[in-house]
Every structure is written in structure tokens, then in C-alpha cells.
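Engineer: Start from chain S and add chain Z according to the hints.
Protein chains in written order, with my numbering: chain S, 1 to 311; chain Z, 312 to 1203.
This list has only true hints and no planted wrong ones.
Partner residues aside, some chain S positions facing chain Z, computed with beta carbon under 10 Å: (1) Gly24; (2) Gly133; (3) Pro310.
Subject to a maximum C-alpha distance of 30 Å in a straight line, what follows is the list of computed DSS-like cross-link-like pairs (lysine-lysine): (4) S:Lys121 / S:Lys221; (5) Z:Lys502 / Z:Lys492; (6) Z:Lys1160 / S:Lys286; (7) Z:Lys1160 / S:Lys268; (8) S:Lys59 / Z:Lys976; (9) S:Lys221 / S:Lys299; (10) Z:Lys1093 / Z:Lys976; (11) Z:Lys340 / S:Lys286; (12) Z:Lys982 / S:Lys59; (13) Z:Lys1093 / S:Lys121; (14) Z:Lys1003 / S:Lys59; (15) Z:Lys1188 / S:Lys59; (16) Z:Lys1009 / S:Lys268; (17) S:Lys268 / Z:Lys1093; (18) S:Lys155 / Z:Lys1144; (19) Z:Lys907 / Z:Lys502; (20) Z:Lys1005 / S:Lys59; (21) Z:Lys964 / S:Lys59; (22) Z:Lys1144 / S:Lys121.
Hints in this document: simulated from the structure, not taken from any laboratory. By construction, the Cβ of each residue, glycine as well, lies at the ideal position given by its N, Cα and C atoms.
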Amino acid sequence: MEKPELTGGIIFDIQGFSVHDGPGCRTLIFFKGCSLRCAWCSNPEGLNQYPEPLYNASKCIFDGLCIDACPYHAITSAGDHLIFNRDFCNHCTSYNCASACCTDALRIAGNFIDTEELFLKIQRDRQYWGSNGGITLTGGEPFLQPDFAANILKKCYQSYIHTAVETCGNIPWENIAPSLSYIDWIFYDLKHPDTDRHFSMTSTGNKLIFENAIRLSKNFKGRMIFRMPVIPGFNDDAQTIASLSEFIHTTGRDEINILPVHHLGREKYNLAGRNYYTDNFNIPGKEEMNNIRNLLEDKGIHCYIGSDTPF
Amino acid sequence: MSDATISFGQTTNRFGRNPSETIEQREEKPQPGVRAKTARELYFETKSSVSMEFPFWYTRRWEELEGEIPMVRRGEALKAGFEHLTPVIYPGELLVMGKASYLRGSYPLPWLSESFFMAAEDKLYKEALESGKLTADTFTTVGKGGGNVTKSIGNVISIAGKFGLRVEEVPVMLAVARKWKDKSVDDIGHKYEQLVPGYKEKEAIMRSVICMFDSGYTLPQGREVINYYYPLQFGIDGMIRICKEGIAESAGFPDMDRIYFYQSGLKVLEGIQKWILNYAAETAFLAKIETDEKQKTEYNEIHDRLTWISSKPPRTFHDALQVIWLFHVAVLNEDAISGLSPGRVGQVLYPFWQRDMKNGVIDKVRTVELLECMRMKFTELDCFASMGVVGGVLSGNTFNNLCLGGLKKDGSQASNELEMLILEAGIRCDTPQPTLSLLYDEKLPEEFLLKGVECTKIGTGYPAWVNNQVAMEFLMGNYAHEGMNLEEARAWSIGGCLESSPGSWMPLELDGEVHWIPGGSAPATSVGVHFLSLPKILETVLFDGLDLRTGERIFPSHGRKLENYKELWISFKEYFHRAVYVLTLTNNIQHDAWRKIAPSVVNSMLKPDCLKRGKDIGQMGSRYNTTFNIESTGTANLVNSLASLKHNVYDRKNFSLEEYREAIKANFGFKTAQETGSFSLVDQVATEEYHKWKRIHKMSLEAPKYGNDDSYVNDIMRDWENWFCTMGKDFRSLYDQPLYACQISVSTHGPMGAVTMATPDGRLCGTTFSDGSVSAYPGTDKNGPYALFNSATCWNHSLSQNSQLNMKIHPSVVKGREGSRKFLELIRSYLRKGGFHVQFNIVDSRMLKQAQEEPDKFRSLLVRVAGFTQYWVELGKQIQDEVIARTEYEEL
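For reference, chain S alone in the conformation it holds in the complex (with noise of 0.2 Å):
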């Protein structure tokens, strides 16, 4: 089945107040659709690039409606859960599955949003953010609808609004370029400078987004934080810091945003019919991050844990 063609992009969520990413207060924009597929990955809902059920059991009563409703008969019930054919979801436009649903136990994660629509929203925000505040593209990762990516932030600049994306850089080039001259801040992430490992956790390699990290540096004006979550035992020993922080070298920049592995997107695996791997990760504690804080130190990096970023 053919796709609409968009004038505006599909999200999974806006998010007002939000104080950690960028200066000020800023509204968060959601882009659904991710071309990686971390393991820690606390956004789930956020990876298939289009509208999907998520689903609650415990909410569920089995009465049976809404499997009587899907167009495709994707839904059957295994008596004290209800299991979905994934793969005819994500070809959906119905949604008729969560009209149906009573209780809450169905919802769609993700809908196509107007560019203008989305526009009236962010001007009515701005209203409160109070100086320096702004928006934030994030996701997902937002260069994977890049029409929309640009419009919006072209939309925004113009209108004198500051414009920060966050990215995980595993995006042809020709994807960022046309927003390039209207963000004000990037976040940029990374996972491990070893490709294999990249590989192994992410299931990509990291060639693309080093690349794209070195060109992004070297062709980008605004302020750039390089961004890394850090898991133990897969990038919080010192060789993968000390190869790390000499690539950050290579790019010119000098600051990198550290933030700890947390669990708290677990219970979204569920809903999204998931399956959550993770659970063996160790948060790491505040020790292990102001050890990795030191070792970045040492190189000359300024590093920043959780929501210490200076903006």
C-alpha cells in the first residue's frame, strides 16, 4: 500500500517545559521514525516511522471489539492478552482498532501532523518559554523526514525562534544539508568508535554517522554537543573513552554531554509489542560517571553528565 504523500511529518509526541535539551525552556518535537536500533533505546514507540497500536493488557477487558474492527484481522486474542500482527499494523491507516477500544488499552502511538498545525502549536508555546527558549527536533531522529525537518526549521529561524535538533547522525548527508543554515544547536549522538561494537549493540555500523560527525563540524556555525549514553561494559571502559575523545579532537569540537543508561522506557516495550533485552545494563552510578568525566577531562574535552550542560 502507497504511503500519502506528506506535507508535514508523522510524531510521536510534543512535549512543552522541557529543561534538559537546549537553553531555556523549549517545546520538544518527536520525530517517529529511527534508522537505529539501540538496545537501551527508551523511546521504542519512537522506531517504526509510522502510526502503531500500543497495547496495555491491563487494561484489556476481551470484549472483542476492536478485532472485530481491524481491516486486516491482524488481531487475535490468546485469552488473557491480545497478540497483533505487527507487520499489517505498519501498514494501517485505519486506526480503527483504537476507536473501538474502551478502556484505554489501545492507543496509536504517532499521527501525521500538519507543518502549519504544528507551526500554531510551537507559536503558542513560545508564548511561555521566557528567554533563550525555543524547540528541539528529536525523536526518533528527525533527518529521517527531511522535508518536513527542514520546513519546520525554517519556519521557526525565520520567525526568529531558536532551533536545536537532536540527531543520531546515521542519515545521508543530503538529509541534513537542506536544514543546515537554520539550526541554532545540534546534539550529536554517539554510541562507540569501534564500528563492529557500534554494530553489536545498534545493529549499524558507525561509518556514516563518524563521517557525517566530522562534516557536520566542520560545515555547521551554531554551538555543537556531542552526546553519549553510556552503558557499562559496552562503552564505559578507558580505551573506548580514550579512542573516543581522540576522534572528538578530529572534529574541533570540545564538548560531549555524558548521560547514564536508565530503565524507565522498559514499560513502553510492552505496549509496543517489544521485546526488552536490556535489563541485564547496570545504571551506572555516580562514581563511574565522574571517572569518565575525568578520563574526557584529561584529553581536553568538556564533559557534562546528565543535565549539567550549561546552555
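Structural biologist: For chain Z alone, kept in the frame of chain S given last:
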């Protein structure tokens, strides 16, 4: 399959482990000094206690003077009460004196209402004999922990589920109460209010809890700002002199009614003088037997201070603080009062403090210590009233609101260094009283605002943030005909939890220099129609004037078929108008009884221009008198219900009105809140019937909701507000003035929700209403705080005495330095858009749930309810559930 029990908001998932319950703690804060810490520990160990001393002597003197002019008789009776209060001083105290001889002491005022004791007479006797029984009102829950005496234990009898009275005082209480039978404000008022045509309707309105409680005899004073000018400037001797001069001026002249007021005042001042000297004598005695030299010196200093201020004006900041405290208590002792606000104390006392600082009499460390002691004194205050009032309205709170910021007489910003220290003391000594409000103005310095943010952030709930300009605009509009002007409007302050109250600038002369200090200049600003349940009135509209819970007829049939939205809206306004009409008349009569039987003397003497005019508050002696209001509860539920009906019945025609009536009767197939024992929507449990109603319930829940910046609902909200805020002009108060709208819920959204059936917005039977007046119904504001702000400011807040927005924010969002700055941006942006008030709970909901299960571990946990901060454990369950259910703004 159909027997599955469902429950909203359940987080367990059987296909995975639950997220680990890590509770985010509030930010760490500095601790109070030794004195306040000791006092607080003592306070935590103390229960609300009732003593019969004051009422006994009051009543005895009153009886002796039968036949005397009532005003003078009242003054003499009050004097007798003050003279006989037993002084009690605790080691380490820097400020002394209290309401009664117990630390959390208070007493009943049978001259206002004795029927409560008479009705409970048998029960009280029985309980005195076989103590250990629980008193419980049907629909109000009082907090079960903390200082509440919820059941009789040993020699202590529980009254109204909150207060403890010693067994041997029970006969005294009943004897005193009996003396007031048919003579109290309640009884006399009741006798005459029956003369109002339509009185039967009023009774039905009260029985259905469309209106929460009567006005004239419950809390006739309060929700106002005290004025400390006279005692600070003239001292008690000076005030006595003014009274004597007044008598000499008016005796024998046609306006000689004045002499009775002056005579009454004179007597009370003598009583207060004696009361202070009794305390002084006690300190002298304590000093004599004290072995610790340091404590001995402190007693001597207190003795010296009390002796001095018993007649003369204060010499130092410490003296002045003692003076305002003792006059605060003196006013509280003359009536059942909640919400007597000290007002802008930091500005009133600044001239004294500044002089002391210059002379090296005091330093900042000592100032904070004194202010911490002041906080403890205010926290120890208790207000005796019946269970419905204490639990249902006040949640045990006394609402002594201390205001900061705002503007000076000349329009420049008014905050000062002393106010910074008041905030500091509020951070260190986090107790419910006095609660703080910051009168936000664009002119206030950033440093001061950030200090306010620092205080709000630690989770005390105060300061609340209030819009200075919006309030001034309201005052100019409402009091213009009484001479309010721009300059005078700047002297305003919050009275009670959130009532904009007019003030005046008073010329305090110190060392030959005049300092203009702000103080209250109007009587109680929320008396009149106390809390109308908007959703309940809508219920009677849908059922043609009947109370569905009892089947009783409340209003005469409107006879309309409600075929379109306009008919529905007109019928609602009609019933609301009717309720206000009859309640205004009956309450005027009650207040008339109050001003005749128990007129205000102490408070009147303090309020400009009573002493000048020789008239008490009841005779409109004060400068501004347009102070009667109409209070509302459940705004968001009303607006959401109207939106749901408009959407589902009239616009989309998804259901007929008849189907809605049936669904409401069936409670959408759910158990009632009483059955489930929880008053929050998320905990409600479905019955087998649910499948029949699930569609209509779902569509009710999905109908447009207030708080999401949806113009469909905003239009309804605006229509309601524009009408409500002006309809008060159709009525006349006791003082022959129009009424205004007051939109605070305090705690009434609990008990009023309890008696209201399901509402068309999907809210279920018996569950608590939304709080405040511009807060969204918990869980329905799905588009974040900015959308909520836009909805909240869709109407002009300066039309109303207030509006109230409560928000709950997860501590992680506002952590650290960045958090403080961004938090200020959030607050400021809402106020700049014309919001009148916003207040915050900075707390992790999981902590509140844990506190509900293990109250003992959370004795000192403070939360913000609606206009006040209270210990979690002293809140009723209805309100606890509502606070937990509030939408929490959290970021992951």
C-alpha cells in the same frame, strides 16, 4: 471473559516486570536553627487541644451584664476572656503568647454556634463515659494522622474528629453551650432567615450540598488582612487614649452610638493589657526558678519586653514582632477565624529592622532565628470549627498568608532585604504557617524572584505566585465607588488562601521620619455565598430540579426539554442565579445577627478607619466594604460536562440526553467511590454492567476537555466566566454593595464531589472534583503545561477576586541551578499572559502513595493543596487522592 475487573491507571503489566520504583527526592535544603527545631519536634508531638477557659469567662461576664448595650457587653466579655487566659511559656521561645493554654490550643465559640454541641450532647456524655469511639461525619474525611485527635483516648474526648478535650471539661463545655441556646448567632440568625421567602429552597440547597456551608456563624471573620499600624505606632496606651478622646468627642452628640464602640474597645484593650502582664508575671516567676543562666536571662528579657509593650509602642524589631504576633492572636481570639493574613509583614517591619541593623542591635543570623520562631508560632495556631468546616474546607489549615513583593506607595518595587530573610526562614523552617505568597510584579528584582523560586522548589508549596497587576486591576474595578485609586490599590495583599483584599498605606513615624506601610482596610473578603457546587447544579438541571442522590426537589421544575445547548445553558444560569439569590438573603440575615450579637471589636480597632469613625466593621467602619462574594467549586468539571453534552448530544448527536441521564444514574457501570474507598477517578472499579455503558463513557472521556487549548472548550469556559464574574451585580450584600466572584476550591472539591453523581464529562460518582478554578481535571490536560496556560488565560482574570491554578511538577524537572532559572521562566510566562495565580507541588507521586501507606514515616512531609500548604498526614483521604491524581509534569 466479561467478568474481568478493570481499573484505570493500573500500571502492572503481566508481560514484563514493573519499572523499579525509585522515588525522586526533593532537593536538599538547609535545616532550621536549634530553637525552631526543638519547637517543631514539640509541635509534632502535640495534638490539637481544646480548653474552655476563654469561653467560660466570656459567657460568665456576658451573663452578668444582661441588659447592657450589646456592643459594650461584648467588649466586657472579651476582656474577661483575655484576663483569664493562663499564660504558658516554653523554654527557648523568643516570641511568646498563644490562643489558649495548650501549644496547639483553641476553643469553641458557643456565642456563634452552640447547636453542634447540643446535638452532640448525648454522644459527648456517652463518650466521656466510654471513650474510644470514632466520630465521623458522613461525607467529610479529616486527616487520620498528625495532630488530629480522631478518636477519644483515655481522658481525652475527640470532638469533630480533630480536637481533644479533657474529660473533666466536657460538663463545662455543655453548660456553657446551653447558656447560648436560642441566643447564639446561629440560632438567632436561623430564626430570622426563615422569614425569607423561598427559605425552604435554601434548606434543600444546603441538604443537597449544592452549597457547602452557611456564612454568618461559621467563620464570620478572616480571609482578610490585619492592620498592625495602630499598636506599632501608638502602643496600647496610645490606642486607649484614642478611645477616650473619641468618647469625649461624641458623648451626648447625635452620633453618640460611637461611644459604645470606643467604650467596648477600651475594655478589650484593658483586657489585652492584663493578658500581656499575666505573661510578664509568668516570665518573672520562671526567671526566678530557672537555674540555667542563659535561659534565665532570656526570661528576663521577655519580661522586660512584655512589660514595655503592654503600654508603649515597640522599640526594636524584636519588640515589634512580638506586638504584631500578640495582636494577631488577639484578633483570632474574638471570633472563629480562618484566613487572617498578616499581609506584607516584611514591609511593615522593615523600618524597625533597618534601624536595628544600623544601630547594630540585630544581625541577619538573629533575624532568621526570630523569623523561624515566628513561623513556629503561626504553625501552632488552630481554629476550632465543626468537622464539615475544619475537614471539608480548611483541612485543618488556618491560612495566615504572609505576602512578599508587590509595589510601594510610589509605584517602585517593594521587596527588601528583610523579605529575603523571610524566604530564607521559610526554606529552613518549612512548616505550614504562615504560608507565603509572592506578589509578582515586573519591577521586582531578579535576585528576589530567584530566591522565591528556591523556596517553592524545595517542595513547601509556598510561595504561591500571584499577579500583582491583575489584582490591582480587580481592586480598582471593584472598589472604585468607595474611593479606591491606583496608589491605594498598591497596598493590597492576599487575605486567607487567595482572596485579593484591599489595603491602605499608613504613615508609620519613626525617629521623625514617615514610612508608608501597607495594611488591610476591609473586613472579611470572602463571606456571603460559600462554595456552590457547579457540577451538582448541572445535575439538577439535567434532572429538572431534583437531587438525584436523595430524590429531593431542590429547584422548581424548569420545564424545558433541553433540546439544544442554549436551553441547557440558560437553565443552568437560571438555577445558579436562584441559588445565589436565596443564599444571599439568608446569609445577610445571619451576618446581621453576627454584627448585633458578636460584633468585631479587636479587629475593628485595627482596621482603618474604624477608630476614626467610631464604628465597628459591621457598621461599615472600615474604608472598603464591598466584600461579599459568591464562591464556586468544580469549574473544570462543569466546563468539561457542558463541552461533553454539547459535543455528544447537540453537535454530533452521538447520544440523546435521555441516554446520558440513564448513564449517570448507572454511574457508567462503575462502583461508587464510597464502595471502592478511593476518591480518585483512576482507582475506580467497573461492575458487570460496564459493557452496557462503556461506549458512552469512552465518548464522554474523549469529548473535548478543558486544559488542552481547545477553542471548543475555551469558548464555554469564557462564556461561563464572563457571566459568573458579572452576575454578582444583581444582588446586594448586607452592606448594600454588589457581590463578586471568588474562585478557590480550598478543600471543598472533596466533600462536594462525594455527593455528586457521575457527570457528563466521564467523572464517576463520588469522586473528587478538580481543584481550584483554572486547574484541569486530573489526567485530562494531555498537551503539557503551555496548552494548559493558554486555556487558563482564555478569560480576563481581573474580573474575579481570584483564580487558582495548581500544578504538580516532578522534582527532576526543576533540579539544580538551570532548573531554578527555567522554573522562574515558566512561572513568569504564565503570569505575563494574565494568569492570576499559580502554585506548585514539587513531589514524586510515588512518594505520596508511600506516605499514604506509611504515614508515620512522613510526619513532616508538606504538600500544597489549594491555596495552602499542609502536612500530608493531616489531610483527609479525599484530598490526598486528588493530589496524587493531579497530572504530573515529568520528563524522562
